[in-house]
Every structure is written in structure tokens, then in C-alpha cells.
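Sequence lines, in order, name chains A and B. Quick note on the numbering used here: the first sequence kicks off at 20 and runs consecutively. Quick note on the numbering used here: the second sequence kicks off at 20 and runs consecutively.
Heads up, some of the hints might be wrong.
Copies of the same chain look alike in the list, so a pair counts if it fits in one copy or across any two.
Only pairs whose alpha carbons sit at most 20 Å apart, straight line, appear in this in silico EDC-like list of lysine to aspartate or glutamate [as the list claims (entries may be wrong)]: (1) Lys370 to Glu316; (2) Lys328 to Glu366; (3) Lys95 to Asp368; (4) Lys57 to Asp254; (5) Lys39 to Asp167; (6) Lys212 to Asp281; (7) Lys212 to Glu144; (8) Lys293 to Glu168; (9) Lys172 to Asp276; (10) Lys293 to Asp167.
FYI, nobody ran anything at the bench for these hints, they're computed from the structure.
Each chain is listed here by its residues.
There are 2 protein chains.
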Amino acid sequence: MSAHSGPSFSTRPVLRVNLKTVKQNYNNLQGLVGKKTKVAASVKADAYGLGAARIGRTLYGAGCRTFFVATAGEGKIVREAVGENATIYVLNGPAPRDLTLFFGNQLKPVINSILQAYAWAEATENVKRPPFSAIHIDTGMNRLGFSDEEFEKLVTNKKLFERLKVDHVMSHLACAPDNKSAYNKEQLQKFRKQSSRLPVLPLSIANTAGIYLGDAYHFQMVRPGIGLYGGMATDNIGQEVSEPVASLMAPVLQIRDLQPGDKLGYNSTFVAQKNLSVAIVGAGYADGIPVNWSSTEKGPIGHATLQKKRVPILGRVSMDLTALDVTYLKKKPRIGDWAELLGDNLESDAKAAQTINYELLTNIGSRVRREYV
Amino acid sequence: MSAHSGPSFSTRPVLRVNLKTVKQNYNNLQGLVGKKTKVAASVKADAYGLGAARIGRTLYGAGCRTFFVATAGEGKIVREAVGENATIYVLNGPAPRDLTLFFGNQLKPVINSILQAYAWAEATENVKRPPFSAIHIDTGMNRLGFSDEEFEKLVTNKKLFERLKVDHVMSHLACAPDNKSAYNKEQLQKFRKQSSRLPVLPLSIANTAGIYLGDAYHFQMVRPGIGLYGGMATDNIGQEVSEPVASLMAPVLQIRDLQPGDKLGYNSTFVAQKNLSVAIVGAGYADGIPVNWSSTEKGPIGHATLQKKRVPILGRVSMDLTALDVTYLKKKPRIGDWAELLGDNLESDAKAAQTINYELLTNIGSRVRREYV
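Same shape as in the complex, but just chain A (with noise of 0.2 Å):
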């Protein structure tokens, strides 16, 4: 589009995934927990918003052969992914209406309580060959998982277990972050007591946080999610082995001139105290960015990434265009340029938007182009 404009682009969008980054970082994983472990994935939330598909598959070529999702409908894009030869087990549990896509995609639930127990049982009675399922335990999240009472029932009812053709158990940690937790001892000894009960299965208990709590949490099988992602799990992220993957770029549509006493966005929040230079790009919170970023009378509160400088939010984030202050950099921008708005800086990104880095990769919205390198 000549001279103008500079640089090809469309005004979409972009999140920039490095496949062969998540492939680095399960293989650091795995090297962490030894060949006695293996390194399932975490892929729910269409793999905390990267694409499920893509990271299925190339987790899968890194060696990965169990995927852990949220939900049946999840489950199929992944089975769909990653073919056959993979186990694929579903978080939130059987349900009557997923139940076709449970025997057609050889989905095995995570059964959460006594009563999914008995309707994963009743569904299955008929099925000739059902899926194995898992059986999570609570040890002290009070989220999902079989309370005391109701392990009482299942271990009491051999029955039912064994029409549950359980191949795995497993829990999850509360307070794994935080290394100094007495709590994650708690859990990991009630976790023993109970799973003790069962007969001997592969048990697992450790997200990527409770990866770095030892090896007495690594078991047969450990659940990396964010880790796989880039995202810093722990309160200790010195220690971490994970790089980042993700960038959310969005290209500069138009440059401004502020003169003192202009005002920007919404409400007028920002107003020009000296001459300035905006930079208008086409990424807003439809994509991700969060509102929370937007700047306050007492100053910027996100930044984004120009020519490798960080450079402040300007006035309120609307949805479809963030304003950037660009005066200090050394070169004018050019239109078709391209500014990060998430990347390396994920966690202290999300401290600013009052958030964990987690929800910033999980609201990157649809409107944004995936692309893979």
C-alpha cells in the first residue's frame, strides 16, 4: 500500500505462538521430574487460550501422551489433534448430554463425587467397551473431588469401582505457589492415607507449581498447564524452567500529535500536559487487553512493547484500539508497525490489571489471528 504506509499488515491482531518454546518447556519438565514421571498436559481452555489443537500436537511430538481438558466438547478438538495413541481425560466430569462425545472420542472422565460415580456407572452399563475413567480425590481445595463421606461410599462399594474400570488417581494442590505452605504437606498425606484404599494405580497430585515442590509430589504423573505456556507458577520464579511463548501484537493504525491541554479516549481521562506523540493500535479489551490497564489520573498503569522500549497506556483502553505514548522513542513509528501488548513481561503485565497472568492468556479473544513459528 506504497510509501505511505510503511510495513505490510492487516488490522487484526496477532498472538505469535513459539511451538518449538512449549515443545523446550515440556522437555524441561520432564527433565525436572525424571523418567520415573510422566509430564501429562494441561490443554483445557482451548490450552489456556494459544489453540488446543496446535499445542495437542506438538506437545504430542515432544513426547506427550496424556491431555487433561475441562470439558467433553474440549476433548473432542484435542482427540481430533492428536489422534489415537493418546489419553485424554475430561476435569469436570460425565454429564448426560456429553455422553455421546465421551464413547465417540474415547474420552476418560475425571470422576469427581459420588454421585457422578453412579451415573458414570449406570451410563456405561450397556457400552461394550466404555473408557477408563480417573478418580479424584479432595484433600482440602473443597472445589471438585470425592469429600471423606463420600470416598467412604466408593471405597466401601467395590461394585461400583470396579464398573468405574478406574486407570488413575489423582488430587489437586491449593496452595502449591507458595512453597512454605503447611498446607501442601496436609494434602499430600491425606492424599496418601486416602489413595492408599484404592488398589495400586498411577497417582498424580502436582500442577506445574507443585512441580517445583519436590519430588515427593511428582508421583507417577505430574499436570503441567501454565508452565507449558510460559506463564510463572510459583512465588519463586527464580527457579522456574519455563520461557515465554505467547506474544499478542497489534499494529499501529494512525500516529497523533498531542498538543498541552488535548485530551484522549473515553471520559477524557487523559489529558496532554506537554506536546505528545500517540501511537493508536488495534488491539483493545475485545482482544484481551485489559480495561484495568487503562491509565489513571495519577499516572500510566499498563505498557506495552515499541522498538524494544516499554511504552505507557494513554487514556482509557477501548475495545478495539489502545492509545501508546511514544514521544521518547528514538523513531517515529510507522503505521503497520507492530507493538506487544502481552509477552515477556506476563506477570508483572498482570499485577497491573489487578490479575493473574493466567486469566491475561485466557481473555485473549477470538478476533485475534493464532500464529505459529
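Following the hints, put chain B in place on chain A, whose structure we already have.
Chain B in isolation, oriented as in the chain A frame:
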């Protein structure tokens, strides 16, 4: 799945969109502006998360013939939904990699700057019947749109202006929600002054909030978005004619009984002080439930609706799950009952999450099944 589990359900959350109410909201806004003014529709960001194709078709059925999107990719989706007899403007303007989308789907770019004007004129030079375009004059938002300086270049270059085949002239209000803001009149006056320097063409400046500023802001066209989708747009919501159209529903997956001292969710941020009944529902921040709705030491922040009662969220909102305090409901919820996580209380819900109703809608995740009634 038997008497144990109650009603039929999937573990996947659902967004129920009432298309009849969307139509009614359109008609109400049309009634407000009168027959002299066309009501266009902003269907960008997938019609604010509700689904651009179905919303587009519904509004077309209500008589809408002009649609605004942010990117050319969005324009293609709307074109396929509404057919050839509608006008579709692309707000973020033309870009080199989007040209085939513009030409292939007869999308009209909104020209926001002199660089976009040059680029579009050049790109259409050898095209037989290029799409018409709109001119966006910045009148004080300082986001996209012709600055004063650039506008001079446009009005004094008749050849360029002719080549753009302009059929609409628009601007955008920064402070429309506040009908006491003097900035609205400033922008209106500037819009009148600048547009008068161009040939006589249909004009528009009002989004939903702008409509409520009165006749002077209506011109030949208004461009509501949030008002079609049941979100309130102004600081005086009593005056607004829109009704809620969307409900984000999540199924109850498990009921837990907590005893004093029991901890719930990540970081054990919630500790039960007494016996509590908790429903775990199948939707989390990946589906658009804000992490900021998590309860704090001081008490609950976010709420859901179950059995027509507001129930508080307990502990940290997880990626796929949220815990609700159902202790005080008359009937114990059954597995598969539906809780409403977003719906009639969009404005207070947004406040609780320290954000705006728009972001709550656009953050609704792709895992959520859209159900149209």
C-alpha cells in the same frame, strides 16, 4: 443419567441470547430517534461477544441495513450473514493485507487519516467498482480520525477526495454517557463546522449514549452497540430503553458441605466460619467470570443467581470452576441446575469487577456455547 443427577446438562457453560429482545431494543432505539434518522448497528467484536452472524441477521430482520465492524475479517462474517443488500463499514480502516477482504466482500473502509486516504486511493486506482468509503473526522477523542491538520489536506485535495468515493461522514463522542459534560457540545460544534467543508453527505456521531443526548446528535444516522445488547450506556440508566438480552449460565457440578475451618479454592483464601453448603459450577475466568469477583478477606465481591436469589462467590474464581454459597437457598440445588453468572445485573456486576459492562460481554469465552432463543 438417572434420578441421582437431576436434569439433563452438559458441563459446558451456555450464553443464552434472546434475539427477540435484541430486535425490540433496535425498534425502541429507532422509535427514539424517529423516522428521519437511520439506526445502524455496531456489531464489532463478534457483536460484543454475542455472535455477529446471528445478531447481524436478527437486526437485518428488524430493518437494519448498515453495520459497523472493527476489522475487515469481521466484515466478511457479517457480509455472509446479512447478504448483499446491506452496507458494512470497517472502522479501523484499510490495510494492505485486508484489501482482498474489502474488495471480495464489498466492505467500505472508514478512512481515519490522510495516510489511509492516500493508501485507499492508490489501492483502488485500478479496481473497476471499488467500495465507497466513510470519512472519520476526529472532534476531540484523539483516537482514530482526521486531525485538523490532516483534514486541511483532505479538503484542499479535491482529486483525492473524489477518488475515495465518500458516502458518509462520521465522528465519535468521548463523553456521551455524561449528558452534563460540555465536551459533548464542543465535539458537536466541531463536527458541524468540519463536515460543512465537505460536500453534503449523510452524517453520524452518536453511539448509544449519544442517542440520549438528544435530536441535535442524531443527524442522518446513529450507530448504537451496547444499547442493542441490553447494556446500559449512560450515567442515567433510568432513561434507557434497552432490556437485557444475554445470560451466562453454568451448570452445578457438585455440592459440598463445608465445616468451620474448611478452606476453599486456590491459596485457601476462603475459610468457612460455620457450616456452609457450596455449589461448584462449571464456568470460570476462561469463560469470562472475572478473577476480580473472587471473595476477599472482607467478604464476597461477585455474585451469581440461583433459584432467583443472589448467591455470593466464595474463594478464588478458577479457570473452569466457580464456588457459590448456596447455604441460604430454600431448596438444595441439584446437580445440573443452572446458575446465572451474568445477566440482568450487568452494570453492578461490572462495578464489582472494577470494569465496565462492555468488557464483561466481550470477555465471554469461546468455550461458552451460544444458544439463541
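We went through each hint and held it up to the structure:
1. Both within a single protomer and between protomers do Lys370 and Glu316 lie at most 20 Å apart by alpha-carbon distance, with minima of 19 Å and 19 Å respectively.
2. Within a single copy, Lys328 and Glu366 get their C-alpha atoms as close as 17 Å, which meets the 20 Å cut-off; across copies the closest is 37 Å, which misses it.
3. When the C-alpha separation of Lys95 and Asp368 is checked against a cutoff of 20 Å, the pair qualifies neither within a copy, at 33 Å, nor between copies, at 33 Å.
4. For a Cα distance limit of 20 Å, the shortest separation of Lys57 from Asp254 qualifies neither inside one copy, at 24 Å, nor across copies, at 56 Å.
5. Proximity of Lys39 to Asp167 under the C-alpha cut-off of 20 Å is found in neither arrangement, the shortest distances being 43 Å within a copy and 48 Å between copies.
6. In this assembly of identical chains, Lys212 and Asp281 lie within 20 Å of each other by CA distance solely across copies; the values are 19 Å between and 66 Å within a copy.
7. Taking the shortest alpha-carbon separations for Lys212 and Glu144, neither the intra-copy value of 30 Å nor the inter-copy value of 76 Å comes in at or below 20 Å.
8. For the homomeric pair Lys293 and Glu168, the shortest alpha-carbon distance between copies (18 Å) is at most 20 Å, but the shortest distance inside one copy (67 Å) is not.
9. Taking CA atoms no more than 20 Å apart as the test, Lys172 paired with Asp276 passes between copies only; the shortest distance there is 16 Å, against 70 Å inside one copy.
10. For a Cα distance limit of 20 Å, the shortest separation of Lys293 from Asp167 across copies, 18 Å, qualifies, whereas the shortest one inside one copy, 65 Å, does not.
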